[in-house]
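Visitor: Use these hints to put chains B, C and D onto chain A, whose structure you have.
Protein chains in written order, with the working numbering: chain A, 1 to 85; chain B, 1 to 501; chain C, 1 to 557; chain D, 1 to 130.
Hints were generated in silico from the structure; no laboratory data involved.
Treat the hints with caution; some may be incorrect.
[As the list claims (entries may be wrong)] Pairwise CB distance ranges (calculated): (1) D:121 x A:72: 21 to 31 Å; (2) D:18 x C:503: 45 to 55 Å; (3) C:54 x B:105: 40 to 50 Å; (4) D:109 x B:7: 25 to 35 Å; (5) C:338 x B:305: 20 to 30 Å; (6) C:93 x A:69: 55 to 65 Å.
[Claimed, not checked] If you only want the chain B side, here are some residues facing chain D, beta carbon under 8 Å, derived: (7) 141; (8) 152; (9) 165; (10) 166; (11) 169; (12) 190; (13) 207; (14) 208; (15) 211; (16) 361; (17) 365.
Every value quoted in this text rests on a predicted model; they were computed, and no experiment measured them.
C-beta atoms are modelled at their ideal positions from N, C-alpha and C, and glycine is treated no differently.
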Amino acid sequence: MTNYITRSVLIVLGLICIGLAAVDLYVARHSSLGFDSIPFFYCVLGFIAYAALIFMAKALRRVISRPENYYGLQAIDSESEAKHD
Amino acid sequence: MPQFIAQHLPILQVIVPLIAAPFCALISVRNGAWWLAFVTSLVTFAISVLLFAATFDGEIISYHLGGWAPPIGIEYRVDMLNAFVLTIVSGTGVLTLLYARASVAHEVDAKQHGLFYTAFVLCLTGLLGVTITGDAFNVFVFLEISSLATYAIVASGAKTDRRALTAAYNYLIMGTIGATFFVIGLGLLYMITGTLNMADLAQRLLEHGDSRTLRMGYAFILVGLGLKLAMFPLHQWLPNAYTYAPSAVSAFLSATATKVAIYVLLRFLFSVFGFSIPFEADILFLVVLPLALAGSLIGAYIATYQDNLKRLLAYSSISQIGAMLIGVSMLSASGLMAAIIHLFNHAVTKASLYMVAGAYAKEAGTVSIRELRGVGRDMPFTTAAFVVGGMSLIGIPLTVGFISKWYLVEAALMRGWWPVVIVIVVSSLIALIYVGKFIEAAYMHPAPQGIIRREAPLTMLIPMWIFAGLSLFFGINSSLTSEAAARAAQGLVAASSLIWQ
Amino acid sequence: MTNLVMPSLVYFAAACLAPLIPHARLRAVLLLGVPVLAAATFFSATYGTSHILPLFDTHLKIFRLDALSYVFALVFSLAAFLSLLYAAHIRDRLEQVSTLIYAGSAIGAVFAGDLVTLFVFWEGTAIASVFLIWSRRTEGSYATGLRYITAQIASGLLLLIGIVLFYHDTGSVAFERMTLDSTATWCIFIAFGIKCAFPLLHNWLQDSYPAATLTGTVTLSAFTTKLAVYALARGFAGTEYLIYIGAVMTLFPVFFAAIENNLRRVLSYSLNNQLGFMVVGVGIGTPLALDGTVAHAFAHVIYKSLLFMSVGAVLYRTGTDKASELGGLWKSMPLTMVLCIVGAMSISAFPLFSGFIAKSLIVSASEPYLWVWFALMIASVGVLEHAGIKIPFSMFFGHRSAADAPKVEEAPLHMIIAMSFAAGLCIAIGVWPENLYAILPYPVDYVPYTTAHVVTQLQLLFFAILAFALLMRFGLYPLEYRSINLEFDWLYRRFLPRLVSRLAMRVTHAWRSLAGRTTAIATRILSYSPPANSASTGTMVLWIAILLGIVLCLAYL
Amino acid sequence: MDDLITQITAHYNYWMVIILMMIGLYITISRGNLIKKIVGLNIFQTSVFMFYISMGKVTGGTAPILTGNPDEVYSNPLPHVLILTAIVVGIATTSLALALAVRIREAYGTIEEDELLTIERDAEAAEDKI
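Looking at chain A on its own, in the form it has when it is part of the complex:
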């Protein structure tokens, strides 16, 4: 069931992306930047930037991750959640 939903979501997403990439060929861009008129510039940018960001953040986490009680009582992180009334 879940697998089915996941797969259909992926397919729909893929179709949308193909559609958007296709539209790219027919839309004339005249921004002042110039280089962004390279075909599929924004598609590539979005994809690469996202993936790079995730991998860099994962690398960062290796360095800076600490247990929740690191700062002890001076921080809220290890507190059991206060009652919110």
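Guide: This is chains B, C and D only, laid out in the frame that chain A set:
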């Protein structure tokens, strides 16, 4: 107003309370002593307001006692500066007496009220006399009248805490030594000039020039007055005296006694000595300025450790006196103006704060910050007055404390004294700590179990809030006070022989 | 204009009166009227300056209404309304009063025509807001609140020093555009920078916002930082440093947000990143960029509130705001999910949502600065990652299926209403941008909805989503686990205290081994408490004698 | 040497004043008994009275009473008159101080300063502990 009274206003300023004082002890009607003292203070206040109005445009009133012209006779001399101080003293007198009725009834035995108010009015007389007179020896006499009365009213706090007695004793020893130093200094000045009239003294000292006798006289007067105004490290009599005195007395003294001593210091430094010889300014720079800086920091620092609210305020006073002396030792018109305006502003602020402490002493039975936890809920109006006063001590805008700090910093910047600016800012920061400490205890913590506290009575709230209101009003609209302070400073500047930048 | 009641006074009066209303529900309802009433006082007023007070040689202009202050005051009023509506279940008078004073101060600060007035309200926001953190009433929140107020007071103090110096230099305290050419303006600039969470001055924000009460965070997110943006826009528009500061601000938080477990802290990083966009806009300083900053601030206050509200609603129902503990709530809290996604799409700048029409202005204005434009593009992808995907995904879907998720109720009605209201505004602004553009300080002839623009934006977003889906599919997307991440604040929360105590220990140790006999004296000095207790008369008199001796000696020299 | 001796003898009154003043201050500093402190204070004040009185003395002058002789040399009466006032102040101070000493004795049971300080510091320590 009859011409006769108008002519004799300066002497009436002193004579009215002086005559009224013994009657306070004699009246046997219930509360009669208080009524008499209160009415007397009202009259003195009216007189000083009239004098203030008469001198505001720069006129100097010279009154010859008994018709003897100075320098032979005693002269009462009212200019902008002392009219300003007179108004502070008598105005504080009116409001603290209004406040005293409920507070003193709680802190002093009923059968002692007559004597208490006698001493109170005598103290008022002395302070007014010191301020108004133009005769140097007369200053000493009135200083001692006010001091002796002060020792007595401080000691009357013994009903609440017996330590008031030892505090008064210490104050007496210190105060007497200070006053005696002052007299020695006067004697030395008399030796070289043969006169005691201040204006005449100034003239003849200028002609006389430098000499060892003059230098000794300067040193004795500076130290003697330094003691009276609680200059660090001569302040040690002050914390206990203000802590254990009845709250109305603490409020009155903190607003007037040290302020009058500062006035006398200004008068002698600028009007009498006048800085015609370089060593006078040098000593101020080498001794008074470092001590003032140290006092403003150390006083504030010690205050942060106090649990007794009244003692906390006393140490804060030492810090603020340091600030005033910083302004004085800048030896510039702007520094002087900052000192004078701070004199007024601090009087207003501290009076309201001591009144708050007194209200706690009456209604909560304690002035210990720890035991006053959660008092903000039980006594909202009183505690709100503390918040206003506390903000003024820190120097937050829209309070008079900000105006003082502003002028002080501005004056220091004009002289290019960066370290001084830093000291002023740091001492404000420390003030933030000790004020914050109390506010946190009063609002952030629950009250101790089983304690009932009610809001203070109106006769205490009204004077307290008049002072708190004044410290807001003059913080928002400072034109009157800054104008008066500027003119008073100009007057002192003109009298001295410093070349002003 | 002449007899206008100051809107901040409406808040302060309400703050004084509100605690007196005994009935809690009645109080909550009446409080909703306060922002409306306050907004009504200036809503249709003509521009101008009033409430002028004399101070020193100059004048305080307490109330200045112009295009810039109008927009900010309007959105602050909106935020105050949303916060109060969202917090309608709160019974805690302290929190309500501090919310009112906080909002009132922020609005007062926006209308301040001079620096002294600005300072007063500036400190007002600092002091009132810390109670929103302390209202949580735990040990950790107390310590966090202290750190927060220290940063805020530091900002206020710098501002005050700057004002004094500025007055000293120029003889004026008017709050107009300044240039960074003196100590005075630098002080003011850094004071603004602290509140605006410039890089390395930002830690107070991520530290404290997750520590407030769930309603308090919503309130906090709206005012302090946007007030700083306003102050920068007013005082330092066109300062080039700001462009680069802003670019850094947009970039670095996205990495931290991607791996942060506490969702309110994720949103705090996101807030920091969004501020970066606005700071870039202020730094560029062209009419287009400034309009972009103001529009972005306006849109941002609303969608960031919406996001914080949705996290708050989940926190309210489940008792946690940690991504590692959440997931699969889409079935039990469907409305919250939908509203949260509206907020997520707004912040990610999907076309037809408010983020799109606001951010586009800044991005277009940044085109002359190539690298900055590039940074903003990458940051936009980052926003999509942590605020657009991570927030809704980890709460409502995530690693847990709906079946495993705890069964909780939908958010309370008043929260749903508040969120719907915010969501409605996000969409309305996105669909009809001309209404927002009309109140911006400069005339706008910008058209956000061009084919090219819509298409490129959709490409950017959808390919990023595609990347997310693929990473997810291949198990490369980082899963959250219970942890915290070190940050720059480690320096003053861990390193410096340790260093100082180590040094102190070393010094003591060396001292002891150096002179065994002086140890006793050293301990006495170390355990010295100020001599506040009674001194003997002899000591006092000795001091007089000493001082007299010194003065006499000096006098003879 | 002669100079020095002349210096000392010619101003012997000032030396007396200084010695008295130092004795007075020393007693006030060093003695723990409150009454003795008051005595020290009195000696200190007396030195000032002496200072004023000797200051007004003119060598060979008589009491300042009009005799009708225009060549008559008078002592300066003004310092003498001033010091009358100061003496009155001094008496008032002494009596007030003694009265306070009596009250302290009543309240504390001692007038030794070190004992008083012990009592007060204990009280302060107790307040700090509450």
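Visitor: None of the hints should be skipped; say for each whether it holds.
Guide: Checked hints:
1. D:121 x A:72: 21 to 31 Å: 37 Å, violated
2. D:18 x C:503: 45 to 55 Å: 52 Å, holds
3. C:54 x B:105: 40 to 50 Å: 42 Å, holds
4. D:109 x B:7: 25 to 35 Å: Once the Cβ atoms are compared, 56 Å apart, the range 25 to 35 Å for residue 7 of chain B and residue 109 of chain D is violated.
5. C:338 x B:305: 20 to 30 Å: 57 Å, violated
6. C:93 x A:69: 55 to 65 Å: Once the Cβ atoms are compared, 33 Å apart, the range 55 to 65 Å for residue 69 of chain A and residue 93 of chain C is violated.
7. 141: Holds. Min distance 6 Å.
8. 152: At 7 Å from the nearest chain D Cβ, residue 152 of chain B passes the 8 Å test, so the hint holds.
9. 165: Where the cut-off is 8 Å and the nearest Cβ of chain D is about 5 Å from residue 165 of chain B, the hint holds.
10. 166: 6 Å, holds
11. 169: 5 Å, holds
12. 190: 7 Å, holds
13. 207: Nearest chain D Cβ about 20 Å off; hint violated.
14. 208: Result: violated, 16 Å to nearest chain D Cβ.
15. 211: Residue 211 of chain B check fails; min Cβ-Cβ to chain D is 15 Å, beyond 8 Å.
16. 361: Hint violated; residue 361 of chain B Cβ to chain D Cβ min 14 Å, cut 8 Å.
17. 365: 13 Å, violated
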